[in-house]
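Sequence order for the protein chains is R and D. Letter by letter, the first sequence follows residues 1 to 93 of this note's numbering. Letter by letter, the second sequence follows residues 94 to 1093 of this note's numbering.
To be clear, the hints were calculated from the coordinates, so they are not data collected in a lab. Careful, some of the hints might be misleading.
To be verified - Heads up, simulated SDA-like pairs for lysine to any residue below, C-alpha to C-alpha not over 25 Å straight-line:
{"id": "1", "chain 1": "D", "residue 1": "LYS834", "chain 2": "R", "residue 2": "TYR92"}
{"id": "2", "chain 1": "D", "residue 1": "LYS834", "chain 2": "R", "residue 2": "ARG12"}
{"id": "3", "chain 1": "R", "residue 1": "LYS29", "chain 2": "D", "residue 2": "GLU801"}
{"id": "4", "chain 1": "R", "residue 1": "LYS50", "chain 2": "D", "residue 2": "THR668"}
{"id": "5", "chain 1": "D", "residue 1": "LYS259", "chain 2": "R", "residue 2": "MET1"}
{"id": "6", "chain 1": "D", "residue 1": "LYS834", "chain 2": "R", "residue 2": "SER74"}
{"id": "7", "chain 1": "D", "residue 1": "LYS492", "chain 2": "D", "residue 2": "THR668"}
{"id": "8", "chain 1": "D", "residue 1": "LYS544", "chain 2": "R", "residue 2": "ASP72"}
{"id": "9", "chain 1": "R", "residue 1": "LYS65", "chain 2": "D", "residue 2": "ASP533"}
{"id": "10", "chain 1": "D", "residue 1": "LYS336", "chain 2": "D", "residue 2": "LYS364"}
{"id": "11", "chain 1": "D", "residue 1": "LYS700", "chain 2": "R", "residue 2": "HIS61"}
{"id": "12", "chain 1": "R", "residue 1": "LYS29", "chain 2": "D", "residue 2": "ASP257"}
{"id": "13", "chain 1": "R", "residue 1": "LYS77", "chain 2": "D", "residue 2": "PRO683"}
{"id": "14", "chain 1": "R", "residue 1": "LYS50", "chain 2": "D", "residue 2": "PHE349"}
{"id": "15", "chain 1": "R", "residue 1": "LYS29", "chain 2": "D", "residue 2": "SER774"}
{"id": "16", "chain 1": "R", "residue 1": "LYS65", "chain 2": "D", "residue 2": "LYS492"}
{"id": "17", "chain 1": "D", "residue 1": "LYS453", "chain 2": "D", "residue 2": "LYS364"}
{"id": "18", "chain 1": "D", "residue 1": "LYS987", "chain 2": "R", "residue 2": "GLU11"}
{"id": "19", "chain 1": "R", "residue 1": "LYS29", "chain 2": "D", "residue 2": "GLU548"}
{"id": "20", "chain 1": "D", "residue 1": "LYS379", "chain 2": "R", "residue 2": "TYR82"}
{"id": "21", "chain 1": "R", "residue 1": "LYS47", "chain 2": "D", "residue 2": "LEU878"}
{"id": "22", "chain 1": "D", "residue 1": "LYS531", "chain 2": "R", "residue 2": "MET1"}
{"id": "23", "chain 1": "D", "residue 1": "LYS987", "chain 2": "R", "residue 2": "ARG27"}
{"id": "24", "chain 1": "R", "residue 1": "LYS29", "chain 2": "D", "residue 2": "VAL977"}
{"id": "25", "chain 1": "R", "residue 1": "LYS77", "chain 2": "D", "residue 2": "ASP533"}
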Amino acid sequence: MFLINCPFCGERDQSEFSSGGEAHIVRPKQPTELSDDEWAEYLFMRKNIKGIQFERWNHVHGCRKWFNVVRDTSNDKILSVYKMGEKPPVSYK
Amino acid sequence: MPNYRIHKTEYIDETKRVSFKYDGKTYFGYEGDTLASALLANGIHLVGRSFKYHRPRGIVSCGAEEPNAICQIGSKKDLTEPNVRATELELYEGLEASSQNCWPNVKFDIGGINNFISPLIPAGFYYKTFMWPKSFWKKVYEPLIRLSAGLGKSPTEPDPDIYDHKYVHYDVLVIGGGVSGIIAAKMAAKNNLKTLLVDDKKILGGSTIYQNNESIKIDNKLSSEWLKNEIQEIKKLSNLTIKTRTSIAAYHGYNFLLAKENLTDHLPEEKKKNKIRQRLWKIRAKKVVIATGSIERPLVFNNNDRPGILLSNSINKYLDYYGVTCGENIILFTNNDSAYETSISLHKKGIKNLIVDLRKSASSEIIKQAESLGIKIYFNHVVTNTFGYRKINSLEIMKLSEDGNTTVGDKIKLSCDCLGMSGGWTPMVHMHTQSGGKLDFRNEDQVFLPKENSEDQISVGSCNGDFDLENIIDKTVNKINKFLDIDNQDYQDTNIICSKENDKRNIWLLPNKIPLGKTKCFIDFQNDSTAKDIKLALKEGFRSIEHVKRYTTTGMATDQGKLSNMHALGIIADTAGVKMGTLGTTTFRPPFTPLTFGTIVGRNVGKFFEVVRKTSMHEWHVKNNAEFENVGQWKRPWYYPKNGENMHDAVQRESKAARDSAGILDASTLGKIDIQGTDASEFLNRVYTNAWSKLAIGKCRYGLMLNEDGMVYDDGVTTRISENHYLMTTTTGGAANVLSKLEDYLQTEWPELDVYLTSVTDHYSTASICGPNSKKILNKLFPNLDLSDENFPHMSFKEAKLENINCRIMRISFTGELSYEINIESKYGHSLWKMCIEAGKEFNLTPYGTETMHLLRAEKGFIIVGQDTDGTMTPSDLQMDWIVSKKKYDFIGKRSLYRSDTIREDRKQLVGLLTDDPKEILEEGAQIVSDIKSKPIDMLGHVTSSYFSPNLNKSIALAVVRSGKTMKGQKLIIPMENKNINVTVSDTIFLDKENKRLNA
């Protein structure tokens, strides 16, 4: 049971949040111009990293805001949280 | 009756006699006893039969690790509880307990025959034997196995007890109230940290609290006296909470732990009433100190499972804590110093005892003390066999060879009535590993120890492999100071004197002259697995500890192998010739000891099991006999049976009335999302497949929402209320997910859009009136509203007042009939409904439920997302290409609609089905085929919706069928259990294709 530090509300129990998968996958601006493979890359392919992963979470039973989380999936430690639109912390790149 | 209570202790209140029943017979004990100590005081060792061989078994331990003394508590159908460890159950007046796994009774058990046919029941017996003939499994083997297997009986009626949950936050949690836990808690609390100390026993103090050996002293006092002082002191600390009778069940990530607190299990029946029985604590702690101690190991030798054979330290606790001796002529069999404490304690109380020690010699203080008392010690000897059926009466010992691999010399036969065994100590690393911690192996005494303490948790005391008191206290103090980053000096000058163990010798499987195949060297007492079974598994090629465990079932009983896992590992390592540390351990999984279901569920039972959402019309539906259907959390009227109608008849009547005159549906549960902002139209353009920019103010439009993969996700009608204001409706079940998805796109993909979303599902109640007479009813309710088709056409919206209350009325239809949906603020919903019913009386306005709604829409071929779709249907699959805009550059899911897979022509597509026999109603979910002769039968699809239409007087169905679009008129077959049903593929719209009724 994670404790997640919502950038808008502060530290809350995991049960208030829902996970939205890998972060920083930008929806293509012109999907119609993509080949099937390129579109599939956006639609289906995820890194599923063991280690430091950037992911999206939604404070669904709280402020309803989406935000980003840096999590080490090997030990579930959350290393950083930051708002949508913000750049990921450089130190984890 | 024999009395084995031989001296008074401060933990047993001999002024308070407690009577209890065991296997139907009445006995007495005292307040402070456990069921096990009371039984032993009455001379009862035999408490059950073993699982597989039905061998007589006795009490082995005094704690959570007990494998044998598990019993059934209570005899009531609702309050009986199986698998309760007698060693943990505190005695109370009126307690009724019985032994398990024996028939007809514990002393004479028919299953005991298994003991003699045991060569026929090796490891993997069940896997090997019951494989064939295959048909025997279901009819013969399984019922027989089920009859004879199982531990205890479940209650057959609901649990009447009250359970509770509690959330708490602490700076420091200390698990275990032994000497190291007490020190840790004191240091933390004195340093202003909010601290919680939990212990599973009734009182704090662990095994030190009854320690009375003169050679173990702290500050010149008996260690138990010193500890009692410490306990008095910590009880005064204001920021320390102490919870006894509380055991940690699970240690999850982020220092989130679950603990079970027993509140009434020790009280007499009449005092249990109306009190919370058990409470589940949900603990968040910044730091966790694990001080869970260690468990004494048994030794593995032939017939090591007879009643009267206990762990040596347990004999000590029964004696010094409960005042009960386990025998009058005791032999202690050991490979380490701790049995000598037991021996000396027994000696002091005048109990005859002698020691058999594996070690060649030993020279520590405590051994000198035993020798000086004249206690007989057989060094370098091993127990090779024991005798006595219902209780041990003698044993044989032999000398060990130099290398310890064999026995030498002659057998010596010794009589006894009790045997204590001590194979060393196993640190309880369960909590450490549950939290994700790894283990190291210490070769010298063959223990697994916690490794890499993180900054959030630490292990201290004997669970960290520190076994002598000086080590325990010194290391605990140092580690806690460092862990909590404090500088506590309380124990700076504490002076500790204790005996130090110098000599070690460990042999996992003790040697014997008898071939292993003819011995019964038990490893797992509860699951009856022996050293032979482990060796057989290895011989048959199993190598991984996880596989050996499952094949032999070692460690898989309710005690989770607390006494057996190390021996299994040791024997595997020895046999396979590998180092034990490289084998790893099996996974330690929560819960540490079993939890009751009641504790897990807490208050969430009955009507509190799940949140229930009711519309404001709910009371009316109840009064009018509605049967309800759960849709998500909503209670929706399903149908309204009249005069004893069954469901079918009620639905037929409701459906007919709705088309012939008028019907009314409570549509309040539909999801409603209020959308505002200057970019609202653009937003809808992007989330729905069709175009929204040109929707005029006051008009409604049906929209289909896709996932990015092109599959239909939700649908509903959205109304343009003003230039920048829309009201979207969603499916009842999809409302929350749709809102979440829309927020996702708004916040992450299109933050530039000026759009605000608000869920208003609960804000409005909706009555939907349909049928040819609906306009007349509306006219009665809203006499000032112009309902003409010119002013208020299909798919449009008006605001009107019902008396003084604003309503939003949409002329939209899910039934194909002329239809109006009246929305009103929820608090007026009930009144609105009653007024509609009143106004509709003269038109036979008939309330209908979800079933009729489903039937009516199916007649019109309208889909229900989630019933006719399953997350693999594109708009084209649903024959709804008309709703997908060709002009729009982009919308969610657009690109996926022409992926190679989505444009396949042989996808499953929505079709109508008509049965050749119009009275035959298909089963939803039934498979559809075209040819039943070829095998395997090619499955083409399945039925998604099926009804008998009273308006068409025939059976209709919707189905998804491979290449269905091209199959109109084709004959297909629906094979059922008893018959094959012939059907013809039809159009999906069965009634009023021209939409004449919408404007009737």
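Against the structure, the hints:
1. D/LYS834 - R/TYR92: Between D/LYS834 and R/TYR92 the Cα gap is close to 28 Å, so the pair fails against 25 Å, i.e. violated.
2. D/LYS834 - R/ARG12: holds (22 Å)
3. R/LYS29 - D/GLU801: holds (13 Å)
4. R/LYS50 - D/THR668: Roughly 36 Å separates the two Cα atoms, so the pair is violated.
5. D/LYS259 - R/MET1: holds (16 Å)
6. D/LYS834 - R/SER74: violated (28 Å)
7. D/LYS492 - D/THR668: holds (23 Å)
8. D/LYS544 - R/ASP72: Holds - the C-alpha atoms of R/ASP72 and D/LYS544 are around 20 Å apart, at most 25 Å.
9. R/LYS65 - D/ASP533: Judged against 25 Å, a Cα distance of about 44 Å means the pair is violated.
10. D/LYS336 - D/LYS364: holds (20 Å)
11. D/LYS700 - R/HIS61: holds (22 Å)
12. R/LYS29 - D/ASP257: With Cα atoms ~52 Å apart, R/LYS29 and D/ASP257 exceed 25 Å; violated.
13. R/LYS77 - D/PRO683: Answer holds: R/LYS77 to D/PRO683 is near 21 Å, not above 25 Å.
14. R/LYS50 - D/PHE349: holds (23 Å)
15. R/LYS29 - D/SER774: With Cα atoms ~19 Å apart, R/LYS29 and D/SER774 stay inside 25 Å; holds.
16. R/LYS65 - D/LYS492: violated (74 Å)
17. D/LYS453 - D/LYS364: Given pair D/LYS453, D/LYS364 is violated - Cα atoms ~55 Å apart, limit 25 Å.
18. D/LYS987 - R/GLU11: Not OK: D/LYS987 and R/GLU11 at ~38 Å, beyond 25 Å, violated.
19. R/LYS29 - D/GLU548: Not satisfied, since the Cα-Cα distance of roughly 45 Å exceeds 25 Å.
20. D/LYS379 - R/TYR82: holds (23 Å)
21. R/LYS47 - D/LEU878: Violated: R/LYS47 and D/LEU878 sit about 59 Å apart, past 25 Å.
22. D/LYS531 - R/MET1: Cα-Cα ~19 Å, so holds.
23. D/LYS987 - R/ARG27: holds (13 Å)
24. R/LYS29 - D/VAL977: holds (20 Å)
25. R/LYS77 - D/ASP533: holds (23 Å)
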